[in-house]
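Visitor: Just need the whole structure built from these sequences, with the hints factored in.
Number of protein chains: 2
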Amino acid sequence: MTTQEVRATYLIETPFTLEYAATVMAGEQSTGTFVSVPGETDHLKAMHAAKIVSIKQLESAPYPSLPGYKAPEVTGKDNVHFQRGEVTLSFPYHNFGPSLPNLLAAIAGNLYELHEVSGVRLIDIALPKAFMDTYRGPQFGIEGTRRLTNVFERPLIGTIIKPSIGLSITELRKLVRRLAHSGIDFIKDDELNGNPPFAPLKERVVAVMDEIERAADKTGKKVMYAFNITGDIDELRANHDIVVEAGGNCVMVSVNSIGLAGVAYLRKHAQVPIHGHRNQWGAMTRHPLLGMSFTVYQKLCRLAGVDHLHTNGLANKFYESDASVIQSVQDCLTPMYGKDTLLPVLSSGQWAGVADASYKSMQTIDLLHLAGGGIMAHPSGITAGVASMQQGWEAALKGVSIAEYAKNHQELAEAIQKFG
Amino acid sequence: MTTQEVRATYLIETPFTLEYAATVMAGEQSTGTFVSVPGETDHLKAMHAAKIVSIKQLESAPYPSLPGYKAPEVTGKDNVHFQRGEVTLSFPYHNFGPSLPNLLAAIAGNLYELHEVSGVRLIDIALPKAFMDTYRGPQFGIEGTRRLTNVFERPLIGTIIKPSIGLSITELRKLVRRLAHSGIDFIKDDELNGNPPFAPLKERVVAVMDEIERAADKTGKKVMYAFNITGDIDELRANHDIVVEAGGNCVMVSVNSIGLAGVAYLRKHAQVPIHGHRNQWGAMTRHPLLGMSFTVYQKLCRLAGVDHLHTNGLANKFYESDASVIQSVQDCLTPMYGKDTLLPVLSSGQWAGVADASYKSMQTIDLLHLAGGGIMAHPSGITAGVASMQQGWEAALKGVSIAEYAKNHQELAEAIQKFG
Chain W
45 MTTQEVRATY
55 LIETPFTLEY
65 AATVMAGEQS
75 TGTFVSVPGE
85 TDHLKAMHAA
95 KIVSIKQLES
105 APYPSLPGYK
115 APEVTGKDNV
125 HFQRGEVTLS
135 FPYHNFGPSL
145 PNLLAAIAGN
155 LYELHEVSGV
165 RLIDIALPKA
175 FMDTYRGPQF
185 GIEGTRRLTN
195 VFERPLIGTI
205 IKPSIGLSIT
215 ELRKLVRRLA
225 HSGIDFIKDD
235 ELNGNPPFAP
245 LKERVVAVMD
255 EIERAADKTG
265 KKVMYAFNIT
275 GDIDELRANH
285 DIVVEAGGNC
295 VMVSVNSIGL
305 AGVAYLRKHA
315 QVPIHGHRNQ
325 WGAMTRHPLL
335 GMSFTVYQKL
345 CRLAGVDHLH
355 TNGLANKFYE
365 SDASVIQSVQ
375 DCLTPMYGKD
385 TLLPVLSSGQ
395 WAGVADASYK
405 SMQTIDLLHL
415 AGGGIMAHPS
425 GITAGVASMQ
435 QGWEAALKGV
445 SIAEYAKNHQ
455 ELAEAIQKFG
Chain U
45 MTTQEVRATY
55 LIETPFTLEY
65 AATVMAGEQS
75 TGTFVSVPGE
85 TDHLKAMHAA
95 KIVSIKQLES
105 APYPSLPGYK
115 APEVTGKDNV
125 HFQRGEVTLS
135 FPYHNFGPSL
145 PNLLAAIAGN
155 LYELHEVSGV
165 RLIDIALPKA
175 FMDTYRGPQF
185 GIEGTRRLTN
195 VFERPLIGTI
205 IKPSIGLSIT
215 ELRKLVRRLA
225 HSGIDFIKDD
235 ELNGNPPFAP
245 LKERVVAVMD
255 EIERAADKTG
265 KKVMYAFNIT
275 GDIDELRANH
285 DIVVEAGGNC
295 VMVSVNSIGL
305 AGVAYLRKHA
315 QVPIHGHRNQ
325 WGAMTRHPLL
335 GMSFTVYQKL
345 CRLAGVDHLH
355 TNGLANKFYE
365 SDASVIQSVQ
375 DCLTPMYGKD
385 TLLPVLSSGQ
395 WAGVADASYK
405 SMQTIDLLHL
415 AGGGIMAHPS
425 GITAGVASMQ
435 QGWEAALKGV
445 SIAEYAKNHQ
455 ELAEAIQKFG
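Chains as they are written, first to last, in my numbering: chain W, 45 to 464; chain U, 45 to 464.
Among the hints, erroneous ones may be present.
One copy or two, either will do: identical chains are not told apart, so a pair holds if it fits within one copy or between any two.
[As the list claims (entries may be wrong)] Below 30 Å or equal to it, Euclidean Cα-Cα: the simulated DSSO-like pairs (lysine-lysine) are:
id	residue 1	residue 2
1	Lys89	Lys100
2	Lys262	Lys218
3	Lys462	Lys95
4	Lys89	Lys442
5	Lys114	Lys442
6	Lys266	Lys173
7	Lys246	Lys95
8	Lys114	Lys173
9	Lys462	Lys114
10	Lys89	Lys462
11	Lys383	Lys265
12	Lys404	Lys451
13	Lys442	Lys265
14	Lys114	Lys404
15	Lys218	Lys114
The hints are simulated quantities; they were obtained by calculation from the structure and are not laboratory data.
Guide: Given below as C-alpha cells:
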C-alpha cells in the first residue's frame with residue numbers, strides 16, 4: 045500500500061461473480077457511469093479509477109441477504125447462487141484528499157444501492173497518515189483520561205445518571221453528591237438527556253460541578269463527569285465552554301447525531317476529552333451484510349477526535365454477542381499510526397460479576413467500565429455499588445473467583461445476590 | 045396528537061408479543077434501565093416515559109430478519125414465531141425540545157440494538173411545529189428553484205458532470221461551456237467530486253461560473269449549477285461563500301457526510317438552494333426491517349433545510365423498486381406544515397424514455413430530472429441529449445407515446461435507439 049491510496053475492504057454477496065461485482069463497485073465509486081461517456085479516457089481512468097486489490101472467496105449462500113438484487117440474465121432468478129467474498133478496493137487518495145466527508149462518499153456511498161450485490165458491508169479501511177495529520181485524532185485518549193482521573197493500574201469505574209431522563213436539577217444534585225462521595229471515577233449523562241427545557245444543560249453543569257468540586261475538596265478525588273453536550277453545530281462549542289468554564293473535565297456527544305464532521309469540529313476546539321456515545325449505531329451494523337463493521341467505525345471516530353467510545357459490555361442487554369464486544373475492544377486498543385488508541389467504554393447491563401470474564405477475554409485494564417443499574421440499584425446503595433464493582437475487578441486481577449472473593453467482601457456478595 | 049409530543053412509528057419484528065417489545069422500546073428510549081433504580085418515581089414516569097399509542101398486528105414471519113434476538117424462555121429457540129407489527133410510540137416533547145440531534149438519540153437511538161426485536165425500522169414521525177419554527181426548513185424549495193431557473197410548467201432537466209471524477213479544470217470548462225449552451229436547466233457535480241487536490245473547488249467555481257455567465261450573456265438563460273461543497277464543518281460556509289461570490293446559485297452537499305446537524309448549520313448561512321445528495325443512504329434503508337424509511341429521512345432532511353433531495357428515478361440502476369421511488373417522490377411533495385415541500389431529484393440510469401412512465405406514475409411536474417449518461421452519451425451530443433429529454437417530457441405531458449413523438453423528433457428517436 046502506498047501513501048497515495050485508500051484501501052477499503054468489503055464483505056459482499058452477489059448473484060454474479062465476485063470479480064464482476066467488484067468491478068461494478070470500483071466503477072460506480074470512481075470514474076464510471078451506466079454507459080461510457082466522452083472524456084472517460086484511458087489517462088483519466090489510470091489516474092482516477094478505483095482498482096481491485098484482492099478478492100477472497102468465502103462460502104456461498106443459498107438465499108440473498110438483501111432485496112433488490114438483479115439476477116444474471118444467463119441463469120434467471122430461479123437458478124441463482126449467491127457468491128460471498130471479501131473484496132479490497134484501492135481508491136486514489138487524490139480523488140478526495142484528507143477529507144472525511146468526501147472519503148465517505150467514495151468508500152461508503154452509492155455502493156450500498158447497487159443491484160449487482162445482495163449484500164455489502166464495509167469491514168476495514170486503511171488510510172494514508174495524512175488523514176490523521178489533518179484531523180489529529182484523540183486528544184486525550186487512554187493516557188490523558190487516566191491522568192485527569194488519577195486512576196492507574198485498573199479499569200476506570202463509572203456510571204450513568206439514572207433515571208435516564210426526568211430528574212430535576214435538585215434531584216440530580218442530590219444524586220451526584222452521593223456519587224461524588226462514593227469513590228467512583230466517572231459519571232456520564234444518559235444519551236437521552238441532552239439539553240431539555242425542564243433541566244437545561246447550563247443549570248445542570250453548574251449544579252453538578254458544584255457538587256463535584258465540594259466532594260473533591262473533602263475526598264481529594266475529583267470525579268470526571270461527561271456532560272451530554274449533543275446539540276446543533278453552533279451549540280457544540282458554546283456547550284463545551286459552559287462545561288470547561290465550570291471546571292468540568294469531559295464532554296459527551298452522540299456521535300451519529302452530530303456526525304463525524306460535527307465531532308471533528310468540536311475536536312478542534314475541545315480542551316477536555318470527548319466521550320463518544322454511539323446510539324443509532326445499531327441501524328448501521330446489526331445486519332451482517334449491510335452497513336459497516338465497528339472496526340471501520342471506530343477508526344473514523346478516532347480520526348474525528350473521539351477519546352472514549354462505547355463498545356457494549358459482555359452479557360449486555362442488547363443484541364451484540366460477547367465475541368463482537370471483545371473484537372470491538374481490541375479494535376479500540378489497536379494503534380492506527382501510533383499513540384492514537386481509544387478508551388473502550390463497556391456498558392449495558394453491567395455489574396461487578398462481569399469484571400472477571402471481561403478481564404479474561406479482553407486481557408486489558410484500559411477500560412472504562414460503566415454500570416448504571418448495577419451501581420444505582422445495589423441493595424446497600426451507591427457507595428456499596430461502586431465498591432462491588434471495584435471488588436469485582438480486584439478479584440479478576442488477582443485471579444480469584446468472585447464467589448471466593450465475596451466471602452470477605454460484603455458489597456460484592458450483595459451484588460451477586462441481586463444481579464447474579 | 046398534542047403539541048407536546050413526538051410520535052414515532054416503527055415496523056418491528058419480535059419473538060415476544062408486540063405489546064412486550066413495544067413496552068421495552070418505550071422504556072429503553074425514555075425512563076427505564078435494566079433494573080428499577082431509586083428515583084424512577086411514578087411522577088417521573090408520568091412526566092417523561094414514552095407511551096404506546098397503537099399497535100397494528102401484521103402477518104408473522106417464519107424466520108428472524110436480524111441476528112441477536114433473545115427467545116422468550118417459555119418457548120425456546122426451536123419454537124419461536126416472529127410477530128410483525130407497526131408500533132406507534134409517543135415521546136414527551138420536553139424530553140429533548142426542538143433539537144434534531146437529541147431527537148434522533150430518542151427516536152432512533154439504542155432501540156436498534158434491543159435483543160427483544162429481530163427487526164426494527166423507523167417508518168414515520170410526527171413532530172410539533174416547534175421543530176420547523178426552530179430549523180426553518182427549505183429556504184427555496186420547489187417554488188424558489190423555479191424562480192431562480194425560470195422554468196415553469198414542466199420538470200427541470202439536469203445532468204451530472206461525467207466522468208464523475210478526474211476532469212481537469214480545462215476539460216471541465218469545455219464541458220460546462222457545451223452544457224451551458226445546450227438549453228439545460230441544471231448541472232451538478234458528482235458526489236465523488238468534492239474538493240480534490242487536482243481540481244480544487246475554488247478553481248472549479250471560477251471556471252464554471254465564468255462559462256455559465258458567458259453563456260447566459262448569449263442565450264439569456266443562466267443554468268443552475270450545484271457545486272459539491274461537501275467538507276468539514278468550517279469549510280461549509282467558506283465553500284458556500286466562494287460559490288455565491290462567483291455568482292453561483294446552488295450548493296450541493298452529501299447529507300450523510302456532513303450530517304443533519306451540518307445541513308442545519310449550512311442552512312442558517314445559505315443564500316442559495318441546498319441540493320441534498322443522499323449517498324450512504326442505502327446502508328440505512330436497504331434492509332426492509334432495519335434503519336429508517338425514506339418517509340422519515342426526507343422529513344428530517346427537510347427540517348434541516350435541504351431544498352432538493354435525491355429519490356432515484358424509475359428503472360434506475362440501483363436496487364430500488366419503482367414503487368419505492370414513486371412513494372419517495374410523493375413523500376417529498378407532501379407538505380408537513382405548509383409550504384415546506386422538497387424538490388425531488390430523479391436520477392440513476394435516466395434518459396428521455398423514462399419521462400412518460402414518470403409522469404404517469406408520479407402525476408407531477410415538480411421534478412428535477414437528471415440524466416448523466418442519458419444526456420452526455422447521446423449519439424448526437426449534449427445539446428441533442430438535452431433536447432431528447434425535453435421531447436420525452438413534451439410527449440408525456442401531451443399524452444403521446446414516445447414512439448409516436450419520435451417520428452418528428454430526431455433527438456428523441458436517437459435516444460430511443462441508443463438507450464431504449
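Visitor: Can you give the numbers of the hints that this structure goes against, from lowest to highest?
Guide: 4, 5, 6, 8 and 15
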